[in-house]
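Trainee: Protein chains in written order, with the UniProt record's numbering: chain A, 1 to 230; chain B, 1 to 400.
What the hints contain is simulated information worked out from the structure, not anything from laboratory work.
In this text, a Cβ means the ideal position worked out from N, Cα and C, and glycines have one as well.
Watch out, some of these pointers could steer you wrong.
[Unchecked claim] Listed next, with one range per pair, are the computed distances between beta-carbon atoms:
| # | chain 1 | residue 1 | chain 2 | residue 2 | range |
| --- | --- | --- | --- | --- | --- |
| 1 | B | I310 | A | T145 | 50 to 56 Å |
| 2 | B | R14 | A | W76 | 38 to 44 Å |
| 3 | A | R208 | B | M375 | 53 to 59 Å |
| 4 | B | A395 | A | K8 | 50 to 56 Å |
| 5 | A | R215 | B | A376 | 56 to 62 Å |
| 6 | A | S42 | B | I380 | 42 to 48 Å |
| 7 | A | S42 | B | R14 | 33 to 39 Å |
| 8 | A | S31 | B | V296 | 55 to 61 Å |
| 9 | A | D25 | B | A395 | 18 to 24 Å |
| 10 | B | K391 | A | A146 | 53 to 59 Å |
| 11 | A | K8 | B | I310 | 48 to 54 Å |
| 12 | A | R208 | B | A376 | 55 to 61 Å |
| 13 | B | M375 | A | G68 | 21 to 27 Å |
| 14 | B | M375 | A | A146 | 53 to 59 Å |
[As the list claims (entries may be wrong)] One-sided and incomplete, this derived list gives chain B residues near chain A with beta-carbon spacing under 8 Å:
| # | residue |
| --- | --- |
| 15 | D7 |
| 16 | R12 |
| 17 | L17 |
| 18 | T18 |
| 19 | K311 |
| 20 | L318 |
| 21 | S321 |
| 22 | V325 |
| 23 | I327 |
Now for the letters of each chain:
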Amino acid sequence: MYAIEVDKLTKIYGKGETAVTAIADATFQVSPGELVAILGPSGSGKTTLLTSIGLINEPTHGKVVIDGATVADEGWLPGIDLKRLRREKLGFIFQAHNLIPFLTAVENVMIALEINHLPKTEAKKRAAELLDSLNLGHRLGNYPTALSGGEAQRVAIARALANRPKVILADEPTAALDTENGKNVMTLLKKLAVENHSAILVVTHDHRMVEGFDRIFHVNDGRITGEKSN
Amino acid sequence: MNLAIRDIRYHRGRFILTSIGLGLLLGVVMSMGGIYRGLFADALAVLEFTKADIWVVQQDTNGPFAENSRIPEDIKYRIKAVPGVAEASPLSFQTIQIERLGKPFRFFLIGYDLNGFGGPPLIVAGRNIRQKRYEMVVAKAMKMEIGEKIHLGLHDYTVVGITGKVVSSGGDPAAYVSLADAQDIQFKKDNDAIRNDRERIGANLAGVQSLSPAQAKFLKQNIAGITESTHTVNTVVARLAPGADIKAVQERIRRWNHFRPISVEEQTKILTKGMIEKARMQLGLFRIILLVISAVIISLIIYTSTLDKIKVIATLKLIGSQNRVIIGMILQQSLLMGAIAYGIGYALILLTYENFPRRIVLESFDLQALFVIVMAICMISSFVGIRKALKVEPAEALGG
């Protein structure tokens, strides 16, 4: 079973003459444990693809299946609980880490667990373990402002992994980092994909960061124009 | 995890400053309420301390507080003789403003019959007036010392006692002297004025050809006696015997044609509905305006605080947070800010109300009602922020 299945996914913004096709007929699958990059220039439609898979942007046409469950088929399936699915099946990593500034590192990870109804003491223990595994055991009580860019992004990764999601979606996760920290993050993501058996889909425009990806999709003008396997 | 508390803990400086600002505003609202109640208490103070059932004043007046009322002192004997009246006592009131320690010194002088009632309700220092002349009991608010002398009219008066918070309907602190002293202060002319008056009466009578010199002398003495008399009072207060019918007593006095017997209820109405009505309405309106301003400020604070958290809210939504988590964060912060600001305002007013120039009466009902109103304002104000938060799209968490 694939972690992500996308079949003829199309997203059109606007109607009639002003309609803009952001993504057209995207079809691919990602297996658990796979690290996949979507590479393309700015405005190519890669973020739209990510948000459609991430249950944020409703696809206009096509089908999206996450961890075997169809979530969209010519639009969201009726009665589907998108928040619950995002909470349970998906993890998000952002360009600017998006840590909550008034929560400490451990609380930033705990919040994802508590939102998924894990009791507080258990959530704290699990969050601390996760951060420790990412070499942030000494930073548990620090606020995001006291963390370096690389450390903050690792906390964000820990938060994305907290609920052991089947799919992790990363939007330009290395854009705000220097080359060394960016490479460290990519290495970490690859390691986590294998260890956690999660499919990791990374949107990036940075060609330097695509080493180590299992597959790379090139997106241009809303269409997947090429696929490369490593 | 309580996000509201975490946010407040992180931004505590801003939160405390905002709460202090709002607390000061609520302190002003509380003081307005206190002054509003104080107006009532002041207006009714003399009325309550006198503990009279009927106030007999000059006919066709609302005296002695709302209008001038002058009646002869000896009417007290006639009133005392009315069936149902247990006691009657004459009272004299006047507002005096003199210079003391280089500053204007204003107070309300009450003259009372030492053998009657209507004197100082409570002596907190010194003693009550014992001598018929030249002794005085003053309210604590006048800040006078026992033994201090004060010159009023033609004589000096010595402070022998201090009473509590007795004020006039205008809020001026009250002082007590014997009725005879009060009458002297109010009506007695100095020797030059008396001589002038007598000369004028004599000259006028001398022009009357039909009077013999003996008749003119006799008339002059009588007219001077009347014009120099100080036996006038502003009211005679009466207490009824147990079981007496107040309506019957009032009717009997009213039939004399020269007096108006006012019951306590009527006097209360005159004082509260007539004399302080406008001030009361003004304060009430000002209080409402301040509450509206508070509501607008709270709404703005909550709204701008929500705008600051748009990315946080979008991120929470993106990671699957339920709306109640976000609503709870905004609502709890708003309520907490309101509660803390209320506490600051309350502490402020509690520490300062004794120093206000006018009486502040803090009634627990008013304070509780204000707390409920503040909480309601906070709740309603937070809806503005909540509305904004619920409109935030998870996609706003993406991008730089």
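Trainee: Run every hint past the structure and note whether it holds.
Mentor: Taking the hints in turn, this is what the structure says about them:
1. B:I310 with A:T145: 50 to 56 Å: violated, 18 Å
2. B:R14 with A:W76: 38 to 44 Å: holds, 40 Å
3. A:R208 with B:M375: 53 to 59 Å: Holds, at about 56 Å.
4. B:A395 with A:K8: 50 to 56 Å: The hint (50 to 56 Å, Cβ to Cβ) is violated, given that B:A395 and A:K8 are roughly 22 Å apart.
5. A:R215 with B:A376: 56 to 62 Å: holds, 58 Å
6. A:S42 with B:I380: 42 to 48 Å: holds, 44 Å
7. A:S42 with B:R14: 33 to 39 Å: Given about 36 Å between the Cβ atoms, the range holds.
8. A:S31 with B:V296: 55 to 61 Å: holds, 57 Å
9. A:D25 with B:A395: 18 to 24 Å: Once the Cβ atoms are compared, 22 Å apart, the range 18 to 24 Å for B:A395 and A:D25 holds.
10. B:K391 with A:A146: 53 to 59 Å: Violated - the Cβ-Cβ distance for B:K391 and A:A146, about 32 Å, lies outside 53 to 59 Å.
11. A:K8 with B:I310: 48 to 54 Å: violated, 34 Å
12. A:R208 with B:A376: 55 to 61 Å: Roughly 58 Å apart at Cβ, these two residues keep to the hinted range, so it holds.
13. B:M375 with A:G68: 21 to 27 Å: violated, 49 Å
14. B:M375 with A:A146: 53 to 59 Å: violated, 36 Å
15. D7: Constraint on B:D7 satisfied, holds at 5 Å.
16. R12: Constraint on B:R12 not satisfied, violated at 10 Å.
17. L17: Cβ of B:L17 sits 17 Å from chain A, so the hint is violated.
18. T18: For B:T18, the interface hint is violated, since the closest Cβ of chain A sits about 15 Å away, which is over 8 Å.
19. K311: The hint holds - B:K311 has a Cβ within 8 Å of chain A, the shortest such distance being about 7 Å.
20. L318: Check passed: Cβ of B:L318 comes within 6 Å of chain A, closer than 8 Å.
21. S321: It holds, given that the least Cβ distance between B:S321 and chain A is near 5 Å, below 8 Å.
22. V325: holds, 7 Å
23. I327: violated, 14 Å
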